[in-house]
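Visitor: For the record, the sequence lines run as chains A and B. If you read the first sequence in the numbering used here, its first letter stands for residue 1, the second for the next number, and so on. If you read the second sequence in the numbering used here, its first letter stands for residue 93, the second for the next number, and so on.
Treat the hints as calculated values from the structure; they're not laboratory data. Mixed in with the good hints there might be a few duds.
Unchecked claim - Below, in silico cross-link-like pairs of lysine-lysine (DSS-like), each with a Cα-Cα straight-line distance of 25 Å or less:
{"no.": "1", "chain 1": "B", "residue 1": "Lys469", "chain 2": "A", "residue 2": "Lys63"}
{"no.": "2", "chain 1": "A", "residue 1": "Lys63", "chain 2": "B", "residue 2": "Lys303"}
{"no.": "3", "chain 1": "B", "residue 1": "Lys529", "chain 2": "B", "residue 2": "Lys490"}
{"no.": "4", "chain 1": "B", "residue 1": "Lys469", "chain 2": "B", "residue 2": "Lys527"}
{"no.": "5", "chain 1": "B", "residue 1": "Lys303", "chain 2": "A", "residue 2": "Lys57"}
{"no.": "6", "chain 1": "B", "residue 1": "Lys490", "chain 2": "B", "residue 2": "Lys519"}
Unchecked claim - Sample of chain B residues at the chain A side, in silico, Cβ under 8 Å:
{"no.": "7", "residue": "Asp301"}
{"no.": "8", "residue": "Val320"}
{"no.": "9", "residue": "Ala324"}
{"no.": "10", "residue": "Ser328"}
{"no.": "11", "residue": "Gly329"}
{"no.": "12", "residue": "Leu330"}
{"no.": "13", "residue": "Ala437"}
{"no.": "14", "residue": "Arg486"}
{"no.": "15", "residue": "Lys490"}
{"no.": "16", "residue": "Pro495"}
{"no.": "17", "residue": "Val496"}
{"no.": "18", "residue": "Pro530"}
Using N, Cα and C, we set each Cβ at its ideal position, and we do this for glycine too.
Now for the letters of each chain:
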Amino acid sequence: MSSQTKQESELARLIVDSLNLEDVEAGDIDPEALLFGDGLGLDSIDALEIALAISQKYGVQLKSEDEHMKETFRTLRSLNQFIQTHSSMARA
Amino acid sequence: MHANSNLVNRTPDQFIAWTRTGPLTVAQFARAADHVATKLPDRRFVLNLYANPVDYLLGFCASTLAGQCTLMPPNRLQKTLDDIRLDYPDSYLLGPGGSGGLDIRDCLADPAVADSGDLGLPPIPDSQLTAIAFTSGSTGLPSPNLKYWNTLREGTLSNVAMMLRNLEGPVNMVSTVPPQHMWGMENSVLLPLFSETAIAHQAPFYPQDVKEALQNIPAPRVLVSTPVHLAAIAGSGLDFEPVKRVLCATAPLSLSLAGAIESLFGGELLEVFGCTESGIIASRFRTREEEWTLADAFRLDVSSGQATISADHLPGEVRLQDMVEKTADQQFRWLGRHQDLVNIAGKRGSLVDLNRRLEQVPGVTDGVMFFPTDEHKRLAAMVVAPDLAPADIREALKRQVDPVFLPRPIVKVDELPRSASGKLTRKALLDLYQKVKPGAGAPS
Chain A
1 MSSQTKQESE
11 LARLIVDSLN
21 LEDVEAGDID
31 PEALLFGDGL
41 GLDSIDALEI
51 ALAISQKYGV
61 QLKSEDEHMK
71 ETFRTLRSLN
81 QFIQTHSSMA
91 RA
Chain B
93 MHANSNLVNR
103 TPDQFIAWTR
113 TGPLTVAQFA
123 RAADHVATKL
133 PDRRFVLNLY
143 ANPVDYLLGF
153 CASTLAGQCT
163 LMPPNRLQKT
173 LDDIRLDYPD
183 SYLLGPGGSG
193 GLDIRDCLAD
203 PAVADSGDLG
213 LPPIPDSQLT
223 AIAFTSGSTG
233 LPSPNLKYWN
243 TLREGTLSNV
253 AMMLRNLEGP
263 VNMVSTVPPQ
273 HMWGMENSVL
283 LPLFSETAIA
293 HQAPFYPQDV
303 KEALQNIPAP
313 RVLVSTPVHL
323 AAIAGSGLDF
333 EPVKRVLCAT
343 APLSLSLAGA
353 IESLFGGELL
363 EVFGCTESGI
373 IASRFRTREE
383 EWTLADAFRL
393 DVSSGQATIS
403 ADHLPGEVRL
413 QDMVEKTADQ
423 QFRWLGRHQD
433 LVNIAGKRGS
443 LVDLNRRLEQ
453 VPGVTDGVMF
463 FPTDEHKRLA
473 AMVVAPDLAP
483 ADIREALKRQ
493 VDPVFLPRPI
503 VKVDELPRSA
513 SGKLTRKALL
523 DLYQKVKPGA
533 GAPS
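Let the hints inform the model, and build the full structure from the sequences given.
Guide: The structure is reproduced here in structure tokens:
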């Protein structure tokens, strides 16, 4: 699997902690594996919990397009990219 | 002598929806629905999969005008849709990726679909089978609940009087509830047909989506949602446009969350009670009322602990899966759900059915799903499965049940503390769980 960047590791830790994913090691989450459905198997309740944790830690609000959770939330990597983009815009 | 009535009970120049390009009048909508009705595949049943409430409403009206019956699947799993289509082979999918082959938005933009003084739609017979809502039960197979037009009409008239009471004139509505869900259908689909409600096109999910959807409609605003979404909204730290009334259903809502929501939006929260079988039947203003008030159209009988609902417009009596105590003719207190029913994120499941599926996973010799505490939103599981990893068990279940019912965590044990007769008491279950749950052995 592709290795996690430092930011991705931090985000993986946040996901595991906020969702109490007891049988998952944050460091084992493949940054390019799907978060929802297959892959990590998260669902809609998780999406709301993660959104809350992300808003509190990074000050970024998640939004959906027409289909919920599709592109932004697809993988750990894409989620981190969204956060980094919107965090820097907030600082600009 | 057959009775019939209008599908769209509005005046032509009122607004029925807020689209991306602005408000849609009743007349424009009626013409579009009439037009789309002529383009639909000639089948008896339709699975309307639009997430956008305006598209869904247009599809629903067109299908109904064409004499078709809308199927409402309990979830979006491919297996569920496939199973329903096996039972209803004379059906098609309408929506993104569906075989309807038409873009509803093109129909709305069609210049032939112009304002006109007269709606001119054919009436719908009372006896027309308009929708089928599926609920899960202990047999594992979804049960069909047949909704004839007169039931939907009378139920909606009751809902208008109850949910929109004291709101004079037009209201503008945002809903976080999918229209395929009965609670979504009763609000975003049926209210605009029988009241001065204009429904927003968004299908908002995150608090930020809800904020933007509310910004895109004028006052007075009504927000339709569920406790899971309201909790996210209250926790978001965002501020929102004023909302005159928040309607909440599908699961119990705490007093503190209700108070937080009223402060956030500046309006009242009306909690609403019902089930797929009966539709919405009762309400209470959560921060100032303890007891539920039954709508006038319904009668409640409680005997030997079983609550039963009846109404002239319902095809039969409905036995509630809830335990209630009648405090007056049209008032009751809610005591809790019957043991088997679980409701997670607005989706209904049967513990008996979930446990059976768990035990049938190859390699599982015994297992149980349960809520570790009353505050838990999710089920946990303890499983006897010497040769399987928890991830394998989850994989096996994932194909058959909605994701919200997947247990977390799944803990392997050597055996479950059953009595000689095979019974498993909650106390024995929880005592074992305390010892084996993740983190149980960790030093403090």
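Visitor: With chain A as the partner, please determine if Pro495 of chain B meets the hint condition of a C-beta pair closer than 8 Å.
Guide: 4 Å, holds
Visitor: Does the structure keep Lys469 of chain B and Lys527 of chain B at a Cα separation of 25 Å or less?
Guide: 21 Å, holds
Visitor: Take the shortest C-beta to C-beta distance between Leu330 of chain B and chain A; is it under 8 Å?
Guide: 7 Å, holds
Visitor: Classify the hint on Gly329 of chain B as holds or violated, based on whether any CB of chain A lies nearer than 8 Å to its CB.
Guide: This interface hint holds because 6 Å falls under the 8 Å limit.
Visitor: Does Pro530 of chain B pass the interface hint, meaning its C-beta sits closer than 8 Å to a C-beta of chain A?
Guide: Constraint on Pro530 of chain B satisfied, holds at 4 Å.
Visitor: Once the shortest beta carbon distance from Ser328 of chain B to chain A is found, is it less than 8 Å?
Guide: 6 Å, holds
Visitor: Per the CB criterion, is Asp301 of chain B less than 8 Å away from chain A?
Guide: 6 Å, holds
Visitor: Under 8 Å, Cβ to Cβ, is where Val320 of chain B needs to be relative to chain A, so tell me if that hint holds or is violated.
Guide: Holds - the Cβ of Val320 of chain B comes within 8 Å of chain A, reaching about 6 Å at its closest.
Visitor: Hold the hint about Ala324 of chain B up to the distance rule: shortest CB distance to chain A must be less than 8 Å.
Guide: 4 Å, holds
Visitor: Classify the hint on Ala437 of chain B as holds or violated, based on whether any CB of chain A lies nearer than 8 Å to its CB.
Guide: 5 Å, holds
Visitor: For the hint on Arg486 of chain B, just tell me whether its beta-carbon gets within less than 8 Å of chain A.
Guide: Where the cut-off is 8 Å and the nearest Cβ of chain A is about 7 Å from Arg486 of chain B, the hint holds.
Visitor: Go through the hint on Val496 of chain B and say holds or violated, using the shortest Cβ distance to chain A against 8 Å.
Guide: Val496 of chain B check passes; min Cβ-Cβ to chain A is 5 Å, inside 8 Å.
Hint 6 from the earlier list is the only one contradicted by this structure; the remaining hints agree with it.
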